[in-house]
Structure formats: C-alpha cells, structure tokens
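Undergrad: Below are the chains, spelled out letter by letter.
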Amino acid sequence: MIHSLFLINHSGDIFLEKHWKSVISRSVCDYFFEAKEKAVDPENVPPVLQTPHHYLITIYRDKLFFLSVIQTEVPPLFVIEFLHRVADTIQDYFGDCSESVIKDNVVTVYELLEEMLDNGFPLATESNVLKEMIRPPTILRSVVNTLTGGSNVGDTLPTGQLSNIPWRRAGVKYTNNEAYFDVIEEIDAILDKSGTTVFAEIQGVIEACVRLSGMPDLTLSFMNPRLFDDVSFHPCVRFKRWESERILSFIPPDGNFTLMNYHVSSQNLVAIPVYVKQSISFFEMGPCGRLDITIGPKQTMGKTVEALMVTIHMPKAVLSANLTPTQGNYTYDLATKVLVWDIGKLNPQKLPNLRGSLSLQAGAPKPEDNPSLNIDLKIQQLAISGTPCMVALTVERIFS
Amino acid sequence: MTDSKYFTTTKKGEIFELKAELNSDKKEKKKEAVKKVIASMTVGKDVSALFPDVVNCMQTDNLELKKLVYLYLMNYAKSQPDMAIMAVNTFVKDCEDPNPLIRALAVRTMGCIRVDKITEYLCEPLRKCLKDEDPYVRKTAAVCVAKLHDINAQLVEDQGFLDTLKDLISDSNPMVVANAVAALSEIAESHPNSNLLDLNPQTINKLLTALNECTEWGQIFILDCLANYTPRDDRESQSICERVTPRLSHANSAVVLSAVKVLMKFMEMLPKDLDYYGTLLKKLAPPLVTLLSAEPELQYVALRNINLIVQRRPEILKHEMKVFFVKYNDPIYVKLEKLDIMIRLASQANIAQVLAELKEYATEVDVDFVRKAVRAIGRCAIKVEQSAERCVSTLLDLIQTKVNYVVQEAIVVIKDIFRKYPNKYESVIATLCENLDSLDEPEARAAMIWIVGEYAERIDNADELLESFLEGFHDESTQVQLQLLTAIVKLFLKKPTETQELVQQVLSLATQDSDNPDLRDRGYIYWRLLSTDPVAAKEVVLAEKPLISEETDLIEPTLLEELICHIGTLASVYHKPPSAFVEGSRGVQHKRLPGSTGSGESVESPDTGSAAGVSEAPPAVIPSQGDLLGDLLNLDLTPTTTGPPPPPASSGMQLGAMDLLGGGLDSLMGDESEPPPIPLRTDTPQSPQLPHQSPSPPDYSPTEVGPRDHAGLVKLGGDLGGGPAIGTGFGAPPATMPASFNVPVSGGLDDLFDLGGGVGMAMGAFNPPKTVWLPAMKAKGLEISGTFVRRAGVIQMEMTLTNKAMSVMTDFAIQFNRNSFGLAPAGPLQVLSPLSPNQSIEAVLPLSTVGPVMKMEPLNNLQVAVKNNIDVFYFSCQYPISMLFAEDGKMDRQVFLATWKDIPNDNESQFQIKDCHLNSDAASNKLQGSNIFTIAKRTVEGQDMLYQSMKLTNGIWVLAELRVQAGNPNYTISLKCRAPEVSQCVFQNYETVLKN
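Residue numbers (our numbering), protein chains in the order written: chain G, 1 to 400; chain B, 401 to 1396.
No lab work stands behind these hints, which were simulated from the structure alone. Be a bit skeptical, because a hint or two may be false.
[Claimed, not checked] With a Cα cut of at most 30 Å, we get these calculated BS3-like pairs of lysine-lysine: (1) G:Lys-303 with B:Lys-727; (2) G:Lys-337 with B:Lys-802; (3) G:Lys-131 with B:Lys-445; (4) G:Lys-378 with B:Lys-727; (5) G:Lys-277 with B:Lys-727; (6) B:Lys-727 with G:Lys-298; (7) B:Lys-727 with G:Lys-63; (8) G:Lys-277 with B:Lys-722; (9) B:Lys-718 with G:Lys-193; (10) B:Lys-759 with G:Lys-277; (11) B:Lys-528 with G:Lys-21; (12) G:Lys-316 with B:Lys-727; (13) G:Lys-240 with B:Lys-683; (14) G:Lys-298 with B:Lys-759; (15) G:Lys-316 with B:Lys-722; (16) B:Lys-682 with G:Lys-240; (17) G:Lys-21 with B:Lys-493; (18) B:Lys-727 with G:Lys-337; (19) B:Lys-772 with G:Lys-316; (20) B:Lys-802 with G:Lys-38; (21) G:Lys-21 with B:Lys-517.
In isolation and in its complexed conformation, chain G is listed as follows (with noise of 0.2 Å):
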C-alpha cells in the first residue's frame, strides 16, 4: 500500500514528508527529479515510475507535485485517486493548495494526512468525517483556541464512520433547511480548419450544496436520462434506484459535494455555442505573416458568452507579434510562443477581432499556416446538452 507521501514544489524542493510505515530516504526523490529533468515541462513528467526498489506515482496539481512512493504491487489509479483526494481535502481545508498554505498549516495537514491513511490503507477519506476530527481553522476558532487552549482536533468518535452512511455524521440541525445543485457541463471539441466539428463530447457534473438537519433523502429526476452516455455517482446514491427508475434517490452528505458526473458524448450532436473565422499566414517572402482571427456566437440560445479567451500556440519561429484587438487584450509569450487573447464577453453586435501582423525568424523556413486555436468560454444558466436538467426535488423525509 502506499508507503510515503512527498510534496515537492515547482522548483523541485521536497517541503513535506510523510511515512505510513518505515522511513524511506528522500533520496528517492531523485529518480524523480530526474525524470522531471527529462520531462522539461511538469505536466509532463510521466505519472508512473519505477525505481529499484520503489514505485514512483505522482500527480501534479496546483504547481504541485505529489509524488507517493510505493513498494508493493498497488493499483496505480487507487494512488492516483488518493492523492488527488488529499489535494482536495487541503484545498477544502484551507481554501487553497499551495505551498505557502501547506506550510501555513504544517501541523494540521500532517495530521489530517495521519488520519487519511493507516499503515498505507486509507482510513477516513470523507471531508465529513475528517472535518469531524480535526476542525478546519479559522480565524474566530484560532482566536478562541489561543485564549482557551482549545484545539484543532475533535474528541469525539466519527459516528459516521461506524453507520452505513458514511458519509453522513448524525446530529445535522440547521434552522434554515436549503439545498442547491449546480449544473456544469464542459464541452471538449475539436474543430477543423473549417469549422466541423471532428469530435465533441460533454462533461457534466452536478455539484450540490445541501443543509438540510436530520438524515434527509432526497430523490431527483431528470428530464431526458436517456441523454447520458455514462454517468458516475457519490457512493450516497442508490444504484438500483437509478437502473430501475432512472432516478437519483440520495441521503445526502452535509455541505458540499458532488452528485454525480455524466458523459455525453459525440454520438448525439453537440451544439458549438460560438464560431471561429481565422486567417494566420505567412508569407514566402520576408519575415513576416498576418494574423486575422474574428469570433461570433452560434447557437447560444440567448445567452451571454462570457470569460471567452482564445489561446494559440504559434509556430517556433515567430518572433512577436504586433496585433491589434477590438475587444480585450492580448499577451504573447516569447518563451512558450503562446498567444493568448482575452475578450471577456461576447458583444453578437460587435464581433470582437484580432488582426496583426507577426515576426518571423529570419532565415528561418516558412512555418505550417495552421497552428491549433484554443477557445476558452463559459456560458451562465444553459446547459448545453440541452435536457438534463433536474425537474423534481423532493424531500422526502426530514428528522430533526
């Protein structure tokens, strides 16, 4: 199982170890900063390597690494989800997941790592039942805990852990009952020179918000279930429920959480919400091209095209570039060759337009006209797979 955790910063220094069984050398690490040295960019070190005597999985999140080591035929993906849990227990703790924050919190983070995992098995993985254990610090408890000598970590028994609901500590009592459920779906397409599209799919997730007192269950429908590809859930949701009825029935953890996540994916059509016209050419003579990139909505249904960013990553040869936009701002990276562009919200009346010209190299040859675009956006309220959206909610019981 896993048998130590290093977190190691974007420089490559080690800031935080921990051992679930015998000591192991931070010399370990090496083999890693050695594939990090290959590697050049930190995205992509390779998540799986092998040492001598060790495995070496890492993730990278947050300028982070996590890297666990391992000595034992363990199931990769069983670290891998591990340690993005932890990265999402600290950022749940503390807001953030940096390493000035990890620092702040050393003593709090070390303990929370103790009681996620137990000889390299993992043992409380719920931000409910950690949370039950060792309070997230704030500002009004860190006061009262330097005058009283009170303390971060909890005396009682994490009852949930004992139920069959895990995931739920008993006792919840609110005096205004709500819920909330936020619908996100991601698109991820790729377009061609000319606008088709070659593939798309749909990334949904429901993110809920729940505090509702006693052990509340909960049921939510759907308007067209059929529309899912493939669907994952919390543990708290019934199954059989879902493969019967096509139904989610739920006893809900407290707080925040995520319900479900869902995949629709390219066989049923995907509506773009905006469209690209882009000119980038480079011409034969001289060391120079042109740059013309103009965007539009498309099928929008009405609504804002907000936070639109279009990132381009240029050809090695190109300079600078000299661009004018109408709407935004630009910036482009000399070291990476990345151009990125910032509109902000889509104006349907005023299309917003990048055009310029760019420096080349010179000497250097001609570089392929089409260097790949990025399109960054968001759009509020509309979900884009179009029907799933929750009709009913019902509470069906509330004990308080």
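Given the coordinates of chain G, work out where chain B should sit on it, guided by the hints.
TA: Frame of chain G, contents of chain B only:
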C-alpha cells in the same frame, strides 16, 4: 495565526529551547512545544534527541496532545527502542479506554512503532481489539495485524492472528470485512503459497454483500480479491458479474477499473451466445470512455489498461475511436498512448478519420510524438489494405515538408509498405531518392539502401547512389553496412555488366577491412556464392520475400491473458507480468484467465512453479509453421550417422549452400592471412548446421515478421537459423538443457560442437552444446543461446547474444532468481560494445555459488532475467549438475566407506544407464573430467564396480557405485547422498557425460 511560526528558528540552541518548553509546567506551553517539534519533524529535521521529553507529555487527557505525541512516537520510536518501552504502559492502558476512538488510536499507533520489543506487548491488546464490540476498533485492529506481520511475521502466525483475521471476513460490518480483506491480501503477497484468502462460494457471497456497503477504498480491496477467484461454472460467473456491474458507475476510477478487471476475467467463462454476454460487452465501453475525461494521470493508467483490453476484446471499443483523438493540451505520455490505441482500433470503417488525424499530428512540435504519428500512418497502411494508397500519398506529402526527422521516419515506414504490397507503389521511389542526402539516422539510411537495392533495376543511377554510400563505409553502423552489402550484391545480380567493380569493392571492404564477424561472414557467403554459381546466387539473393504481417507490437497471448488478470495494477501499466518486477518476497504466481467455453481451455489453478509457465509459453508464440519446421529439423537430426549430415531435399538454394561448406571454400580461405577455423560464424556452434538443414527462405519465415523486421530478407548462414525454428528444433521443450541432451544427436553435430566448445573438451569435461534459451521472438529480437561450463573451478555461463531486431541494443545486464544452489553472477554481464542489428556477441559470465538459495523444481532449474535498453526478458534454463562438482571431490577411501554405511539405505537410489559402450576405465576417465572421482575399483565375477564420489559446491557429498559388466551395454548405478533430491539430477548427469 498560522503554523509557519513553528519554522522560525531563532538561535542555534533550538533543540535546547524546545526541551525547556516541553518540560514546562504550563499545559499550553507544552502543547505549543510539541507542535513545534512535529513541525520540525515534518520537514525532515532531526528532533529525535527530544524523545524522552516528548514521551513524558504522553500521559494527558488532552486528545490533541495525545495525538501529537503519538505522531512523534511513530516517527522516532525506531531510533530510540529503549525509550519507546516507556510508552508501552500508556498504550496498554489506552487500549482499554471506554472511548473507542482512543482504543482504536492506541492500537493503531502501537502497530506503527516498528520496534521488536514493543510488538511483544502489542499482542494482548491487539487480540482484545480484534474482538472489540465496536466495529471501528475491529477494523483498525485488522490493519494492525498487517502492520505486525510486516514487522514480525512469525509472531503473527504463532499468535493465531491470521485465523482471527480470516474470521473477520464474515464480520457483520462491511468496513471490517473490507479491511480484513485488505490486510489479508497484503500478507498474502509476501506468502505466495499460504492460501490465506481461501475463496469459496460462501466467502464470495459475503464479499459481494460487503461490496455494496463499504467505502470506495474497501470496494477496491474487495474487487481485487474477487478477481482472484475462479468460479465453478458459467452460472456462478454470471451472477458475480451481475453483482459487480453497478461498480462501473462509481465516481472513483480505481473502483471502476477494478470492476472492469473482474468482469473481463469472468467474462471468459460466459458462453458467447448468451444474451448477457452481449449486454455486458455494451456496459463496459461507457465507463472506459469516461475514465478518459479524468485527470491526465488517471487517463494514462486507464489508457495503458485500455490498450490491453482492446487487444483482448476489440469489440468493446470499436465504435469509440474518436475519444482517443489527441487533444492539444494532453501531456505527451497521454498522447503517445492514445496514438497506440488509435492504431489498434483502426479499421476500414474509420480509417479516413484516423488518417486525417494522424496527418495533423505529424505537423506537431513534439519530435517523439511526430515520429510515432508518422510510423502510425505506415502501420495503418499495412493493417488496412484499402487505405494503403491514401497512406502512401499522405507520407509523400509529409516528405515534401522536408522536416528532417519526418522524412526519415516516413522512409522507414514506406519500406515496410513496399514489403507488404510489392510492385504497387514503386512509383514513389524517385521522390524518396531526392531525400537521400538528408538521411542521417542508421535506420533510415538502411531502409533507403534496401529500397535502392531491391528496386535497382528501376532506378537508373542506382549504382551511383550506392557508391556514394560506400565512401564512408567504415563509419556506418553495422545495420547500414549489412544492408549496403546486400543491396550492392542485388544490384550486381540485376545489372552485372556495369557494377562489377562496385561489388568487388564492397566485398573486399566487408571481408578484409571489417572486424565485424557478421559482416565478414555475409561477405564471404556472397563472395563464394557469386564465384561458384551465379545462377544459384540469383535464386538465393533475389528470392521472393515473405510478406510482412499486419499486426505488430501485439503482446503475446499468454502474457496478455496474464495481464488481463492484472488490470489496474502496476503490471498492467508496465505491460509486464508482476513476477518480472515485483521485488523479492513475492513468489512467482502466474494468473490465468479461466477457461472459456468457447476456446476450450482447461481451467487451471495458478501454478506456482514458474518453470512450467515458462516452458509452456513458447509453443503458443511460435506459429504453426515454425513448429512444422522444428519437426522437420528433428527428423533430419535423428538418424545417428557419423558422416556428414544427410543431404537435404534438393532445391537450388540448398545445394548452393551445401556446396559452400565443401572444399570450394578452402581455396577462398587460402587467400586469407588468418583463416578462421570454420568459415561460418564460429561464434555460434549450431549455426553452421543451418545451411544444411534449413529450407529455403520462404519456408523459414515465421508469419510474424513485423515490418520493422524487414531485415536482411535473404540472409544466409546464421541469420537463417535465427528464427524461432532453431528453438523448436533443438530442444523440443525449449530452453531445457537435458531435453536436448536426450535427443540423439548425430555425429556430425558432435564434431561441430567440439570445435565450438574447444577448451572444455580439452580438459575432458563434457560441456553441453549451446541451446537457445531465449528465442528472438520472445524477446523483441534478442536471441540468447548458451551453455554452462566449469573451467578451473570456476562456473561460467557462456552465452551468445544475437540481435535480430532492427535497432541497436545496449545496456545489457543479467540477474538470476534464487535457485537451488545459490548460483549468482559473480560480475556484471560484459557486453561492452552496443550490439548492432544482426550482430552476435559472445559473453562469458563467471558465476558464484554464494547467492540466495531457494529450492527449484527441477532442482537444476535456473531462472534468468536479462535486461537491455529495450526491455527486460525472462527465461529459464537448466544447468548440468556437474557444474557444481567441486575439484576437491575426491573422498578418502576410509571416509568413503564410513560415509556409505552412515547414509541410511532409504537414501539410496538406483538407476540404469542403457546403451553405453565404454569400458570401466574409459568411463572412469570420462567422469573424472567432470569432477566425478573414482576412489576404488573392484572386479567381481567379470563385473567392474567403480566407487566414486563427488562434492557439490554447497558441501553435499554424493557417493556412487557404478557397475559395469563387460559386454553388457547397460550400467547400473547406485547413488547415496544425504540429500536424496539431488540423485535424479546426478544420474542424468552421468548419463549425459557417459554418452558424449
């Protein structure tokens, strides 16, 4: 207020300050101090000096302080074992606390203190906790058993904790069940044969019930455990599948993949015409696709596994091609994996889309990725015939980009396409020739030269092109040199008039100026061939080449089956069996898919002896054609003739080759200043056999010659023998030494072996001929044949390593598994220079007998791992036990007599050696060469009794009585030894030595 204050070091005496604070009377100050200590510990500072002071803080009612002290203890108890004892009392007390949280915490912490003395005190509290009324305590205690086992396995067994743990599988609380399973699995890993997880339908039922109710991590443990179970019939299999399927919708990807593993395995048992089978197939695809939208690290592991799944059951994902399209921001490791799967899924239906994508990829920036994309286009062309034309034109477009590495990669794959579709796309040769000058990689140069030679008649200036390469002949890599030699000979045979000078030049370069034996040998063969019979030469060199097969890089079926059983594990990520890389303690346990009704495989329990697994594997790999060839070879070899080998069936090529060995060659040799003892490949004793025995090239070709294996095509001599044919030919159960001894070997063969192992013969010891231990097909082109010899008291492993792949091999290393006599390499494997394609190298590895010991079955079995820059390969071989007979094995007569009487008669075993025509003195002499010493000889009634002794390197004495009766070819031998297991081996050795 944050914890960063704990890091501010003020003065030098930090430890001293902390010490003072820890001993403070104020509770609050104490706690702050402990926090500071923990903070220092987490960043790796050594605060072990504070041990007694921290332990003093342990007896407290403050739970936080208690936890912090526990944390400290876990880290430092090891370095202060004596002090740690101080903490024991508190632990024992805490284990009886009314609060289950504290009980659990205490038992958990105690298990983490890895100090022997403490573990003794742990047993009683642990026993109580395992039966605690509170499930939280029980589940913590279950894990604690695993911890304790890690520290002191014997103690756990003696105390009966394992049985208690097994009982916990039937616990009412699902979490307890899950943890018990997890703990047992971990313990079982270090005890491969212990049969701890004895799975039967009842326990399976309990596990399945617990599966629904435990946490996600528990589900992973349970699913992995279920995967080890072999259902009794398809009904049971189906019912398990039905209960596991809901796990496919779990949010935790590890749960999903473990469920996929169980389903993939149990599916094997379902009849294919069952409705449920189809339903299950359909259910598997969506979760796999969903895994690909997770974080890149998860994607990577998922893709490696999908790669296996696609090979086993391509139907699952055949419609999902698009999800494997590469995204711009995928990390490179994800991109490369996706590309691999795209090719596997490519079919006539989706080839257009795939090609369009691949073409895009070929213009990307990352060099590795681009190369792989170009190669992928070539593989598509070979796999989907209808697309070949489009692929070729795409490749031509890419060549026009003039990007150096793209051009080179394209030329390499176009050569493969030529081989798959001869006489179809040769019109592109002109374009290829334009890029001749820009090629700087050996593989691309070799490919181009091959093309020029192969199509010399259509290229007007072929001679000029080849001549240009010839200028820097000695600077080229062997791969290019060999290719150039063959190409020029082809050219000569096609256009004899203009190129006579050129061919002479290359032949003299190859034979006189080169020190590479392969090149020289090939040069000689061509030379000889051309000078004796140009017509035959034409038939040989320009013979029709076998088509290359479409599927490459497939994992061999047995390995694939095993890997499918390991979906989701490290093995599936590395695509290697777990035995190949999991360290030490774990025994080799081959998992097999259960037999399916369709394929008619028998259900096998996991077999522990790896020998069986290894020797079973080859027949599955070697295509039927190879088997046939093997049979042919055996047939030819069987008649015991002392003359030259039997003449082969008449065929132009073979006659030509036959003649090669005759006198004609001598004249050629005479011109040489230093003629090698035999003209062909002295480095591999068996290879000279092949020109006699092996049929013409088309017969030889195994069906699986990959496109990369375009290789010498018509290579003579040793190259012809290189295929798997020789493996089957010489040792029917491949790589087992005695088996090949038992095959009656012709006298002609013997003579050759004599030459091969010259030194060994001089001493009189019998050294077995080299056999192929590792056929090239099993090891990505690396072929290893070898034998064991004992010279002047040193055991040596003599190996011939042959590179039959297309790329250079470097970084060789060798390792042995533990074996009966502790054989271990006494030094590193000395292969200093890189091994170029088609090159062979001799390596002698001295062995010591001081390595770790484990009894093997058979006793003289040796499992070997050889590593090179490409991969790690495994094979097993058997060494003659005489290697282990020490030189000082001659026993004093008196001692012999006493020992003989001393050893109980039960230990005596008797064997017959049949058909041995030596007289007793000759036999005695022969045996002496193998360190079997005759101590006394007695003649009774015309029967010679030889009393002999030998001593094994590990100090075991073996005493023998050999009875030889004049005129009777059957000897009787009685062996006496304190370790009767060795008798069988020794007897075999007698037989081999006496008959050779």
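Undergrad: Quick one: which hint numbers does this structure break? Sort them smallest to largest.
TA: Result: no hint breaks.
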